[in-house]
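Undergrad: The sequence shown begins at 1 in this note's numbering and counts up by one.
Hints in this document: simulated from the structure, not taken from any laboratory.
Note that CB positions come from ideal geometry on N, CA and C, so glycine has one too.
Do not rely on the hints blindly, as some may be mistaken.
35 Å max Cα-Cα, derived DSBU-like pairs, lysine-lysine [stated by the list, open to error]:
no., residue 1, residue 2
1, Lys76, Lys146
2, Lys289, Lys230
3, Lys230, Lys124
4, Lys447, Lys289
5, Lys146, Lys159
6, Lys76, Lys230
7, Lys125, Lys146
Label pairs and their calculated CB-CB ranges [what the hints assert, rightly or not]:
no., residue 1, residue 2, range
8, Pro410, Phe122, 53 to 59 Å
9, Gly134, Met270, 27 to 33 Å
10, Gln116, Leu4, 18 to 24 Å
11, Val141, Thr407, 32 to 38 Å
12, Tyr199, Ser356, 50 to 56 Å
13, Gln116, Ser264, 15 to 21 Å
14, Thr407, Glu58, 56 to 62 Å
15, His273, Ser360, 53 to 59 Å
16, Glu123, His273, 20 to 26 Å
17, Ile282, Leu344, 47 to 53 Å
18, Asp479, Gly3, 38 to 44 Å
19, Tyr199, Lys159, 32 to 38 Å
20, Ile267, Gln453, 22 to 28 Å
21, Lys159, Asn503, 50 to 56 Å
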Amino acid sequence: MPGLLRDFMKPIKSLYRTIEGFYEAHQIFIQERVGSVAVEAMLSRSAPVFYGDIRSHERVPLSFSTFIRYCLGLLKNRDGRRDDFLESQKHSLAVSDTEQTDLHFGEAPQQFYLAQVPILNFEKKEHMQLECLGEDIQTPVPLETKSLSSVNLWMNSMKARSSTHYDPHHNLLCIVSGCKEVILWPPSATPYLYPLPLYGEASNHSSVTLEEPDLSLYPRATCLSDFSQKVVLHAGDALFIPEGWFHQVDSEVLTIAVNFWWRSMTISGMLEHMDAYYLRRILKRLTDKEMNKMLHFPSSSMDKTMTCTTSQPSNAYRDHVHQGISTNCGDRSSKDELKSKVMLQDLEPCASQSLSELISLVHNRLKPSTLTESTDNSSAGENEETNKRKEDSCSTSDDPVANLILTLHPLRIHSVFLAMANHFPRTLEALVLHALTPVGSEILTRKFEEMDQLISGDDQNQFYQIFYGVFDDQSAAMDVLLNGKELFARQAFENVLGQYLGNNPDGPRQQTK
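Using the sequences plus the hints, can you model the full thing?
TA: What follows is the structure, given as structure tokens:
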């Protein structure tokens, strides 16, 4: 979890803690030790907003001393006319150096942001642009035992706003001078932030624009405030941002910060040869969660059957089905004996009403000819209407059959489907082979699994014998149910790829400024 540490940090000899300290630091050692060192600055035409997408900004070399002089000029004229000062700086800075980079700076100095300028980089030592400031950085005591990846300088002359993103490292952000406002979102809020595609160059950034986002393109973004935390940091404060947490940062004028990055134990402990397994486990868990969401099942109160699916596939339903099919080939008299146990007059009023509604829905949904078709035709090729049905509804919103089954208690499912098998076998056949959508198949089989937890093993076997005894080809009937379940799971999987990995080729792309 993120953590706020007030008045925690004393970096760079504490000289930058005040405006006067900034002057002093410049006069004492910035010019002497840094001088004309070139740093990479972020140039954005959409300033003060700086988007992480490489198409939205440029990285240009810039003399650090030139940037410092500009900041000092701002300080000296902070009580004067800002517009006049900016105009004068454009000309003075453009001619003060012969470097081409300073000509860029003279064009629009307020559009530059020194973002992530390496002071120390333990992974790419050749990229340490401000290594000369390393001795002025005091590593916080809690980080002395950590294997740091890098220490970076962040500095802006005018107000700046960074786009929403996450980092692949733990991050301790320390404010040296000025003020930053940080908005945080946990990794679980990823679907609402519309991350850019994983294969892109800015995959750790959100595609939702910061200013006036188009909610017609990003409807889930309306819920972002429900998951966010806001923190205001002043000089000396530090904020721990765990890896994977999205954050968006607003910086006030002349704000300086230093951050420390280090790898988490979780990532460090992941062995590369296990990557494929971890990937499949995580995607499976997210897919199961998405399936519950699509069915409006709360993940936190998931029943035991569905909890098991996150650890390993549940074969309980398939086992009972196969057992019911195999035992169904036995003595015909025992089958007749089972059928005689369920009579319409024995049904409770609520169960009788549910049976009547289900029969009515099946008849209304299908053409009359479908109810008299043989299962041979269905299993051989399945008509065009059935194929379209299988590709369609993965939502309960427009599926009255699935909605009705969803409302039934598992024990009522038991009595209703036994009665349907006994007295309306062709309707049951049409329901399974033609009327069930993918979401309907998922709901029905979940109800079967819940029912199995409430009745004895003998009753389970008897139920599946009667249920599948309706079909001339029991295996084909089971295939229809399993195919529907897999279509539903596939849609959930595609949703996961879009929401968490940005894999949505037909969806909205990032709006660049």
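Undergrad: So which of those numbered hints doesn't the model satisfy?
TA: 1, 11, 18, 20 and 21
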